[in-house]
Amino acid sequence: MFGIEDPGIWLAYLLIIVSTLVCVVYGIVNWNKDGHETPTEEDVEWAKTEDKIGDEL
Amino acid sequence: MDIRVLAIVAILYLGTIGYLGFRGYMATRSTSDYMLAGGSIHPYVMALSYGAAFISTSAIVGFGGAAAVFGMGVLWLTFLNIAVGIFIAFAVFGKRTRKMGHHLQAHTFPELLGRRFNSRFIQAFAGVIVVLFMPLYASAVLIGAARYLEGTFAGVSFEIAVTLFSLLIAGYVVAGGLKGVMYADALQGSLMFIGMSILIVFTYVQMGGINTAHRKLDQLPADVEAGYQELTPTLRALAPEGLDDDALLGWFTEQSTLFRGANPFEDEEARAAFDAEHPDALAIGGLLEAHPVLRSKLAIDQLRRGGFQGWTRMPTRGSSMFYVLVTSIVLGVGIGVLAQPQLAVRFMTVKSSRELNRAVLVGGVFILFMTGVAFMVGNLSNVWFARPENGGTISLASVPGGNIDLIIPSYINSALPSWFGAVFMLTLLSAAMSTLSSQFHAMGTSIGRDVFERGILGSYEHGSTVIITRIGVILAILVTVVLSFILPAGIVAAATAIFFGLCASAFLPAFVGGLFWRRMTRVGAIASLCVGFGMSFFWVMFVQMPSGRLPAILANALLGQPTLLPDPVMGIHWNWIEALVVCLPLSALTAVVVSLLTQPEPDSHLELCFNGQKSTSK
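So the sequences go chain by chain: L and S.
This note's numbering numbers the first residue of the first sequence as 514 and each following residue consecutively.
This note's numbering numbers the first residue of the second sequence as 140 and each following residue consecutively.
Chain S on its own, in the form it takes in the complex (with noise of 0.2 Å):
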């Protein structure tokens, strides 16, 4: 695609967001318009506004670059994002959460938490770990747009890629996106949706309908292994003899492992003396460009050495992949959005919880369409690229450096006709734009509200503290943009999973325990939220390889190891779970025994949170 288009696009797409922006921000000037307006806001334009938030590109293009690897198993993470992230979340926290939020006059989801449990440190704290974390998600949603970019425009690297799109994120901050118009997001969300009805449909289509596409997903291993055995006898002419058919396998890994690794060449003599160094390997490197199977065979046999069994079926259990997939991928985001703090204060926001209740509607039937779809196209890309005239190999051996975060970038541009480029990218400028927005507004408000004015100055009396938020949100996108240019490749699912994951453990039992637990108190709040984080940082930094693959940052850095736990304890490589199944239940038990162990919050104070009374405060 020409990158004029991509210029056309952008201007088109934050032209029609700042006007209807507008228009929905003239119609209802501001919240405390909307509260007291008769009407009611439309709960298509809640749910979507939530959706929008909450889905964003790292959840399309990493998470459907993941399924790719992962299988199919990766949809039940949909089933909870459904479940979870919006039935639970609307119908059962949404409502509590209005309702507290407004007794207690909380603006944030840290002074949520600081007001129910009457704690300046909790509130702060839990900023601090807004303010510190998030940006490491920020900067998934980042990667995720930019490797569109990258994939869809000759001539685009992933440096320019990050930085226009970070020019795109100023030029909407400063056009006020992050006032959060809710109308402006309700469209980020339609587009969304219009975009992967698209993309599924016509994915399932070009595969034959639903059944067949499934079955051809199926087959995929066998027919790989099939083109592998029919090109074993010129493998076996190359390699040396008597090799049985395991070894011959390892050779040509080895061999083929020989020939990447030394390709590109720097110049021709680099190119002359490796050919004459290793001829076999390079006899590989021409049977590699000739038969594109043998790619996907040793594609697959990587994948099979982390537990594969193929993209319709589960993992093999207890190996890296399962752990990955059912404790990260899954358990860490499905449960992790529960306690996401630029989500949770959208409940706040709306006027009764009729609006949330028929949110529900709306909201199940478009994350259905996001991260289903997503997911779905992610593992039909392979039958896709798999076909010879698309080159011929599986979705990860199609992409450059096996990079899944480029998977589904390529197959929109490979697979869709040209002019579904264009609305794909409107998909994903949305996508990321709506999350992008909020986070930064989490972030800002997390730094001006309750790090600098509750947690430094003590109180919301000294005056406005706009100056201190502003470089705090401008901080807050410098650092993203430089987390973008630093983590390396394929990390977009991993880096939201961590930030889930870590959310959940810090937040949630205080936020379960704050909103349906009169016994909880002050002291249990602030002992879960000190052993949530403190377990789930030390876990992340330390034990937990992200991906199953990538070493842990500090063990890696102070210790020289890739973590603390390689070797299995009570027959579990615990370096591959991910941190929120072991510090989640941890946090909640010490909610639990701290709270039963102090004293109970007064009555006066419960009777606000859960009742309400005339606030005086600001």
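Next up, chain L with everything else stripped away, as it sits in the complex (with noise of 0.2 Å):
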């Protein structure tokens, strides 16, 4: 397959294809689930410090 002969080669090359073709699968699957969340309080809260640690930086 795919010009090579030992399976513990090109099994790696084809997984490497099925990987990333069920990553843009599950992408495109799960597009709008997890829908946005109404940040919180402590979502804000994090925010805020990180700012601030940034800046510090």
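Hints should not be assumed to be uniformly reliable.
Simulated coverage check for chain S against chain L, where a stretch passes if three residues somewhere in it have a Cβ under 8 Å from a Cβ of chain L [stated by the list, open to error]:
| hint | segment |
| --- | --- |
| 1 | 208-214 |
| 2 | 225-232 |
| 3 | 346-359 |
| 4 | 477-490 |
| 5 | 580-593 |
| 6 | 702-712 |
Below, computed lysine-lysine pairings styled on DSSO-like, alpha-carbon distance capped at 30 Å [stated by the list, open to error]:
| hint | chain 1 | residue 1 | chain 2 | residue 2 |
| --- | --- | --- | --- | --- |
| 7 | L | 546 | L | 561 |
| 8 | S | 234 | L | 561 |
| 9 | S | 234 | L | 546 |
| 10 | S | 234 | L | 565 |
Read the hints as simulated data drawn from the structure, not as lab findings.
No residue lacks a Cβ here, since even glycine has one placed at the ideal position from N, Cα and C.
Both chains are sitting in their own frames, so use the hints and assemble them into the complex.
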């Protein structure tokens, strides 16, 4: 397969393509899943502290 | 390429990154603005930002060069990069990390572990590990970038290249590059994607397509052997009489080593003395010059002694090459990515789990075009270099000193059109800068927040530690630069694998248990961290021989021997095995056993970790 004889190699080549396709399909199927959540108070507090840390750096 | 081109490209690059970073920064002035904004950040931006921090010059130059030697078995790492580094990391770890990070108000990876297990020690100790060992990985990234400059510009030595790149980093940091503007990172990811896409299309096209290129690579060892057999009569005419084939090859190798060891000569007198003393070696030197296939034969023979069976075949089971490939390159880096402090914190910066679902799509394709391309190009560079018009030797024999870190730069500069050299320099600048900025950000915050504020002062209530953090970043850069000068040649992939393996052994059980197992206790996490780190440190310093050939650092320095375990134990050469394979199971077992033997964490704390409450901490 793919001009390669050793199954230990062509399997890796094949799995790379399959796993990429799985990522693509997963992204498409779950595109709107876990929908947008309204930021909670803790999200906002976290973000403000993150800004402060970034500014200090 | 002209050095002025480097200057122009570097200035254009910094200007563009600065401009777009500024625009992105103005558009979403702060993380809190982004969190509060009605829209959502495009998943492309999040995924490429993560990918750009994940994939560095170490992956492209270091591991690409290693692929030219280890063969296509390295593709198993690309599979793990996509399956583990993207799919599991985003879809499984990312969502929990984001939620728990926000519940606990954690801003660094050590802080997440420390707060989850309510332990100041865990945060400080994990911070110390990051500060002490991440420079090793950062130096691997820096070396990877410097090797490209060295191989591209005439007159630019490795030392000058490291210095130039260090100045570039300093400029980047001063310009605010550590602020981690996602848009700037995403732009760098886009540049990397463009560069690598051109590279793989060009490589496959010029070799006649995918299957044809693979077949040529498959055929290469046989072609080299045939070339060697043709020259055997010439070698026999020079060699002592009565040698069988193996002995002839041994004599040829010995004379070649003698000739190479004496070259280059310091002066004419030394050369004349050598000529008089070793006429055979001199004659072999002439043959090596005239027949590059002999240099390939020597290189392949050297690889075969390590277990090499061809680029399209896995190395012989039980050989040093097999162990290094499977345990260090594939498992060490493939699994180690889950516990990378500079990457785990990225999940906290997204607004919702939906962004992570979408980013899986972009991230999977991105990684395919990063490590997948680098590893294939590294392999196929052998076919290109072996053509008579391109030098006639395999990649390993075509670079000075057999330094595998020079293979990708050398291929780019000799095989591809010169305009691509500039494009690829942008690719590598982006790969290096995006990773280095995430590393220095992680080191800076670990020094200031985890070690100094939490570890030494005990709380975040002692005012600003800006100066400490900034000094920490400067020190981290200096240590990284110094390490780049003193680490041996061809070390990029090995240094990266060591850091990834160390992080996985020390952090992964506590991280996984912290995210998914309520029964995991503070004592269990501390025990796991200590066992994982302690064992890894011991293994790396006294047992593991990086790349299967370099000595273990402290075993060599203190005991004068390359490893404490030179002989097989239970039939296994442990000195070739990556620390992660031994230490991660021990660390995980420790976490489980100690947790089950100790009191569970209070329900109120677990409720805060897993379901969140209004936090009063800063």
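These are the hints, each one checked on the structure:
1. 208-214: holds (count 4)
2. 225-232: Held - the segment 225-232 of chain S has 3 residues with a Cβ nearer than 8 Å to chain L, which meets the minimum of three.
3. 346-359: holds (count 7)
4. 477-490: Answer holds; 3 residues pass the 8 Å Cβ test.
5. 580-593: holds (count 5)
6. 702-712: Result for this restraint: violated, n = 0.
7. L:546 with L:561: Holds, because 27 Å separates the two Cα atoms, which is no more than 30 Å.
8. S:234 with L:561: 20 Å, holds
9. S:234 with L:546: Distance ~12 Å between residue 234 of chain S and residue 546 of chain L Cα, so the pair holds.
10. S:234 with L:565: 24 Å, holds
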